[in-house]
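Undergrad: Following the hints, complete the assembly by docking chain B onto the known chain A.
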Amino acid sequence: MKKEEFIKQLAAQLRGLPPDERGEILADYEEYFEIGLLEGKTEQEISAGLGSPRTIAKELALNSSFAKAEHKPSIFNVFNVIGLTIGLSFLNFLLIVGPLAVIVSILFAGWFASITMIAAPVLQLAKIMLDYAYFSLFELFISIGACGIGLLLFIGMYHLSKFSTRLIIHYCKWNMTIVKGRESNV
Amino acid sequence: MNVQFKKGVLELCVLVLVNKRDRYGYELVQEISHKFEISEGAVYPLLRRLTKEEFFTTYLKESTEGPSRKYYHITRSGRTYMEQLIEEWRTFSIGVNQIIKEGEEN
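Chains as they are written, first to last, in the numbering used here: chain A, 1 to 186; chain B, 1 to 106.
Next up, chain A with everything else stripped away, as it sits in the complex:
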């Protein structure tokens, strides 16, 4: 990342801070870039060493809220710190659990539907046995048709499940590298 891009991203991440504090922080990093350039480093090398502007901004936000809470322990400040601390790990939690919940519910719904449809003729027969007056050829044919669709869905769900298992494993691995990346960023 070039210097300008780094500073721009950091500035965007620090929107919530008072303007004078934000200016000071940006000046610190500009100074760091300029000295690094004098020492013969490239802008890319310097920004790579600094890590992502997002991580830096989080670190700064955590520090300043903690300092505030220590100096002026008000309910609001304490909530702010709790929010930030939870936010840091909760984001990772959500990143895993959110998509996982969606995939699992889709799979569950699909399997449930296919098994019910396969069982439809049996259920239809059970209904007829219980009360012969309800016998309807039309309903019987519909249920046999549903059984066919259910069998096809069953095969489809089998492949979809295999595919999503692979997808989830890949996703978790990818997420782990992000979380690890953030941790080594200290």
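Please keep in mind that the hints were generated in silico from the structure rather than gathered at the bench.
Be a bit skeptical, because a hint or two may be false.
Derived pair list, reagent style DSBU-like, types lysine-lysine, alpha-carbon separation capped at 30 Å [to be verified]:
1) B/Lys7 to B/Lys61
2) A/Lys58 to B/Lys52
3) B/Lys61 to A/Lys58
4) A/Lys41 to B/Lys35
5) B/Lys6 to A/Lys8
6) A/Lys58 to A/Lys2
7) A/Lys173 to B/Lys7
8) A/Lys8 to B/Lys52
9) B/Lys6 to A/Lys58
10) B/Lys20 to B/Lys61
11) A/Lys3 to B/Lys101
12) A/Lys58 to B/Lys35
13) B/Lys52 to B/Lys6
14) B/Lys101 to B/Lys52
15) A/Lys2 to B/Lys20
16) B/Lys61 to A/Lys173
17) B/Lys61 to B/Lys101
18) B/Lys7 to A/Lys58
19) B/Lys6 to B/Lys35
20) B/Lys7 to A/Lys41
21) A/Lys41 to A/Lys2
22) B/Lys101 to B/Lys6
23) B/Lys35 to B/Lys7
24) A/Lys2 to B/Lys35
25) A/Lys3 to A/Lys41
Residues from chain B that keep clear of chain A, each with C-beta distances beyond 10 Å, as calculated [to be verified]:
26) Lys20
27) Arg21
28) Tyr24
29) Tyr26
30) Lys35
31) Ser39
32) Tyr44
33) Leu47
34) His73
35) Ser77
36) Ile100
37) Glu105
Computed list of chain B residues with no C-beta within reach of chain A, every gap over 10 Å [stated by the list, open to error]:
38) Cys13
39) Val16
40) Thr80
No experiment lies behind these values; they were computed from the predicted model shown.
Built from N, CA and C at the ideal position, the CB exists for glycine as well.
TA: The following block gives chain B in isolation, referenced to the frame of chain A:
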């Protein structure tokens, strides 16, 4: 290495280096990263926190080349805090070393 652990060590190193003489951010990062691996970006947030807690004061100084630099100077309460951290570190490292040594003897 454990994140929180490394953060604590980084704080101690920064305090000791600034106690020796006034330093600017870039210099601190260089000094420390020669000894062990740190994320350079984490040093400035740390310096800001220590300044906010009034362990450091800052002043700008012109340089013969390049931009003027923000220097960090340790305060009396900063020195007290540093001494306390050094003490904690000593107790801690003696304990860990003992455990390692006992482990190797067996």
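Undergrad: Does each hint fit the structure? Answer for all of them.
TA: Hints versus structure:
1. B/Lys7 to B/Lys61: Since the Cα atoms of B/Lys7 and B/Lys61 sit roughly 28 Å apart, the hinted pair holds (cutoff 30 Å).
2. A/Lys58 to B/Lys52: holds (17 Å)
3. B/Lys61 to A/Lys58: holds (29 Å)
4. A/Lys41 to B/Lys35: holds (19 Å)
5. B/Lys6 to A/Lys8: Holds. B/Lys6 to A/Lys8 sits at ~29 Å (cutoff 30 Å).
6. A/Lys58 to A/Lys2: Holds, at roughly 21 Å.
7. A/Lys173 to B/Lys7: With a Cα-Cα distance of about 26 Å, the restraint between A/Lys173 and B/Lys7 holds, given a limit of 30 Å.
8. A/Lys8 to B/Lys52: holds (25 Å)
9. B/Lys6 to A/Lys58: holds (17 Å)
10. B/Lys20 to B/Lys61: This hinted pair holds, its Cα atoms lying about 18 Å apart.
11. A/Lys3 to B/Lys101: violated (48 Å)
12. A/Lys58 to B/Lys35: Holds, at about 26 Å.
13. B/Lys52 to B/Lys6: holds (21 Å)
14. B/Lys101 to B/Lys52: violated (40 Å)
15. A/Lys2 to B/Lys20: violated (34 Å)
16. B/Lys61 to A/Lys173: violated (48 Å)
17. B/Lys61 to B/Lys101: violated (48 Å)
18. B/Lys7 to A/Lys58: Satisfied, since the Cα-Cα distance of roughly 15 Å is no more than 30 Å.
19. B/Lys6 to B/Lys35: Since the Cα atoms of B/Lys6 and B/Lys35 sit roughly 13 Å apart, the hinted pair holds (cutoff 30 Å).
20. B/Lys7 to A/Lys41: Measuring from Cα to Cα gives roughly 26 Å; hence the hint holds.
21. A/Lys41 to A/Lys2: Judged against 30 Å, a Cα distance of about 12 Å means the pair holds.
22. B/Lys101 to B/Lys6: holds (23 Å)
23. B/Lys35 to B/Lys7: holds (15 Å)
24. A/Lys2 to B/Lys35: holds (27 Å)
25. A/Lys3 to A/Lys41: holds (12 Å)
26. Lys20: holds (20 Å)
27. Arg21: holds (17 Å)
28. Tyr24: Since the minimum Cβ distance to chain A is about 8 Å, B/Tyr24 lies within 10 Å and the statement is violated.
29. Tyr26: violated (4 Å)
30. Lys35: Consistent with the label, B/Lys35 stays out of reach of chain A, its closest Cβ about 15 Å off (over 10 Å).
31. Ser39: violated (5 Å)
32. Tyr44: violated (5 Å)
33. Leu47: violated (8 Å)
34. His73: holds (16 Å)
35. Ser77: holds (14 Å)
36. Ile100: B/Ile100 is indeed farther than 10 Å from all Cβ atoms of chain A, at 24 Å.
37. Glu105: holds (33 Å)
38. Cys13: holds (13 Å)
39. Val16: Label holds. Min Cβ-Cβ 19 Å, cutoff 10 Å.
40. Thr80: The claim holds: B/Thr80 sits with its nearest Cβ about 17 Å from chain A, beyond 10 Å.
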